[in-house]
Structure formats: structure tokens, C-alpha cells
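Kindly generate the complete structure, drawing on both the sequences and the hints.
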Amino acid sequence: MSQSAPPPNPSAQILQLATGYIASTAIYVAARLGIADLLKDGPRPASWLATATHSHPDRLYRVLRALAGFGVFTESTPGTFALTPAAETLRSDVPGSVRDMAVWMADPFHFRIYAEMMHTVQTGETTFDHIYGKSAFEYFPEDPAESEVFNAAMTSLSTVMIPAVLEAYDFSGIGTLMDVAGGHGAFLRAILNKYPSMRGVLIDMDHVIEGARQLPENQALAHRCDFQSADFFAAVPTGADAIIMKHIIHDWDDDKAVRILQNCLKALSRKQGAKVLVVDMVVPPGDEPHFSKILDLEMMALPSGRERSQKEFEKLFTGAGLRLNRIVPTKSPVSVVEGVVV
Numbered sequence: 001m002s003q004s005a006p007p008p009n010p011s012a013q014i015l016q017l018a019t020g021y022i023a024s025t026a027i028y029v030a031a032r033l034g035i036a037d038l039l040k041d042g043p044r045p046a047s048w049l050a051t052a053t054h055s056h057p058d059r060l061y062r063v064l065r066a067l068a069g070f071g072v073f074t075e076s077t078p079g080t081f082a083l084t085p086a087a088e089t090l091r092s093d094v095p096g097s098v099r100d101m102a103v104w105m106a107d108p109f110h111f112r113i114y115a116e117m118m119h120t121v122q123t124g125e126t127t128f129d130h131i132y133g134k135s136a137f138e139y140f141p142e143d144p145a146e147s148e149v150f151n152a153a154m155t156s157l158s159t160v161m162i163p164a165v166l167e168a169y170d171f172s173g174i175g176t177l178m179d180v181a182g183g184h185g186a187f188l189r190a191i192l193n194k195y196p197s198m199r200g201v202l203i204d205m206d207h208v209i210e211g212a213r214q215l216p217e218n219q220a221l222a223h224r225c226d227f228q229s230a231d232f233f234a235a236v237p238t239g240a241d242a243i244i245m246k247h248i249i250h251d252w253d254d255d256k257a258v259r260i261l262q263n264c265l266k267a268l269s270r271k272q273g274a275k276v277l278v279v280d281m282v283v284p285p286g287d288e289p290h291f292s293k294i295l296d297l298e299m300m301a302l303p304s305g306r307e308r309s310q311k312e313f314e315k316l317f318t319g320a321g322l323r324l325n326r327i328v329p330t331k332s333p334v335s336v337v338e339g340v341v342v
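Each residue of the sequence shown is one higher than the last, beginning at 1 in the working numbering.
It is worth saying that the hints were derived from the structure and are not from the lab. Please note that a few of the clues may not be correct.
Per label pair, the in silico range of CB-to-CB distance [claimed, not checked]: (1) Gln214 x Met154: 34 to 44 Å; (2) Arg259 x Ser47: 56 to 66 Å; (3) Ser47 x Pro285: 42 to 52 Å; (4) Arg259 x Arg65: 30 to 40 Å; (5) Glu167 x Ala115: 57 to 67 Å; (6) Phe111 x Ser269: 37 to 47 Å; (7) Arg65 x Glu138: 38 to 48 Å; (8) Gln219 x Glu148: 14 to 24 Å.
This one's a predicted model, so the numbers in the text were calculated from it and none came from an experiment. Glycine included, each C-beta is placed from N, C-alpha and C at the ideal position.
This is how it looks when you write it as C-alpha cells:
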């Protein structure tokens, strides 16, 4: 008769959590050095990896040994490391790669905001604003290097989420879909490729739209996709049957989020069957573990936004003049929150 595993030691559990930042930093080092790419053809000694990455052999070995203890890489023979399924996701050339997201999460520039978490908890001031003297959205255009790291991370996250959304949500019946703050159009492009009769409109800031227009993959869809610049706090262009926003509403506090949704509603002109689709995480109730509860701390520290529960989305939609019709979960942490014109 098999015995059940003993309950975790409370002290060990807390220590594991308290030292989590060390594991994050180790993953960052491996991701920045491209270790997973170097192992794609098979196991390699740590000494070889150190030479290839201009690293200290003993120090790199110890980082990889620690990660192997978490299932990220495996020490297949003493001193030699190979990929595991988890480590495969750190390759730069595989679908669903999270390498760039791993780099961003422990990037020293980003990591600094968590050293000041106490400040935001005690004062309510966004940590990023406190440290850098301006909001993240004001800062990034002035720092191209960090902006590139951040944008690469967001693209990395999207590559994981997009297939899950396309599998879970039925976009058929939408004639023209507008992606508000859609960046360079990866999400809208994926939807248009799956629904060849649909037209698209990509909305973002001037410099973002200019970059989107230059992409060959977007130019191939130019016959059925318009590219327009707009400030969603001022007005959203008209002409769509539905509006979608991925990882946008969670960036903002309730007042600003309601204003964005109200402008979307105005753009839809209260068309029958018109809808606003918010692709964000939905925080589950109680103690259920969910990525949204950790990412909510990121929203608290960086853009002064928040991840929201179903009730909080209902309140947000009602305040904007919409009705929350349904929430469609996906195989990823995000859901599609569907609001319809009242």
C-alpha cells in the first residue's frame, strides 16, 4: 500500500519562495547567454559552453547545476548538460519560446522595481514612477535599448497566447475587426490569416504604425487591413464590427480603463451585435494559484494597472456602457472577456 507524500515543511516552503529571485536570475543568465541554443544539437560540457559564451567555467557550471535541480537543463553526465522540455522553451528558434520574457523578468533595469516594492505598498505610488521619475509609457520611448528588451518580451508572451486564443474563441461572423493598440500586428495578422473573409484595422501610435506598415508580412495583407494611428484616450476610429485589445486594459487603473472602453463603444456606434473583446487574465477567486495573481504585482509596480476578477470586469464594462456577455477561457493564462453593446 503506497503512502501519501508528507506535507511540505512550512519553513522550507517559505525559503523556497524567498529565494525565488535567485532562480529567476539564473534563468536570466542562461537565456542571455543563449545556452539553450547552444545545446539544440545535443549535450555539451559546461567548459565548452563557457568557452562559447566567454564565461567563467566554474561559475557557469554552478548556474547550470542549480537550474538542472529545477528541471531546466539536465546534467546528463558529470559536467555535461542537455536540454529538457522546459529548457527547450529558452531556445530562440522554437514556437512558443519564452526566452525574451525570461530575459525581461530579471533584466537589472526591470528587477530594480521589485527592490522598491515596499514603497508602493506603503504609499500607493507606482514603483516605476518612484524610481525613474516618470511612467513606463513615458520612459520607454526615451530608452531604445530597454524598450527593445521590453517589446521583445511582449512579443514572446504573445506567441504563447495567440494560438490559444485562436483555438478557444470563434471570430466568424465579424466582418471588420479592429485591434486597438495592436503593436506591429502579430495578433491581428494571425486572426486574419485564419479568417480570410475578415477585414482588419490596426490601431496604435504614429511611430508604431509606421513600423507595422514596413513589415512584409503586413504588406501581404494590405488589401484587407488598414493601418491607422490614434490615441485611444482621445478617440478610437469608427468602421469596425468588433474591437479587440490584448494586454491593454490591464495596463490601466479603472478610470482610464473605462475611458478606453467608452471610446471603443463610441467607435462601434452602438451597432447591433457589436462587441468589445478584452484579452487579459481573469483572476480566480480564493486561494487558487494562477499566473494572474503574480502578474498583478507586475501591473502594480510598472504601469499602475491591475489584473481583474470577473466581478471587476463586470463593474468596468458597466461603467463604460457595455454588458459583460461571457468569458471564454483558453489553454493559456488569458481569457477572452466579451462585452456587448447594451
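(message) Tell me the numbers of any earlier hints that the structure contravenes, in ascending order.
(response) 1, 4 and 5
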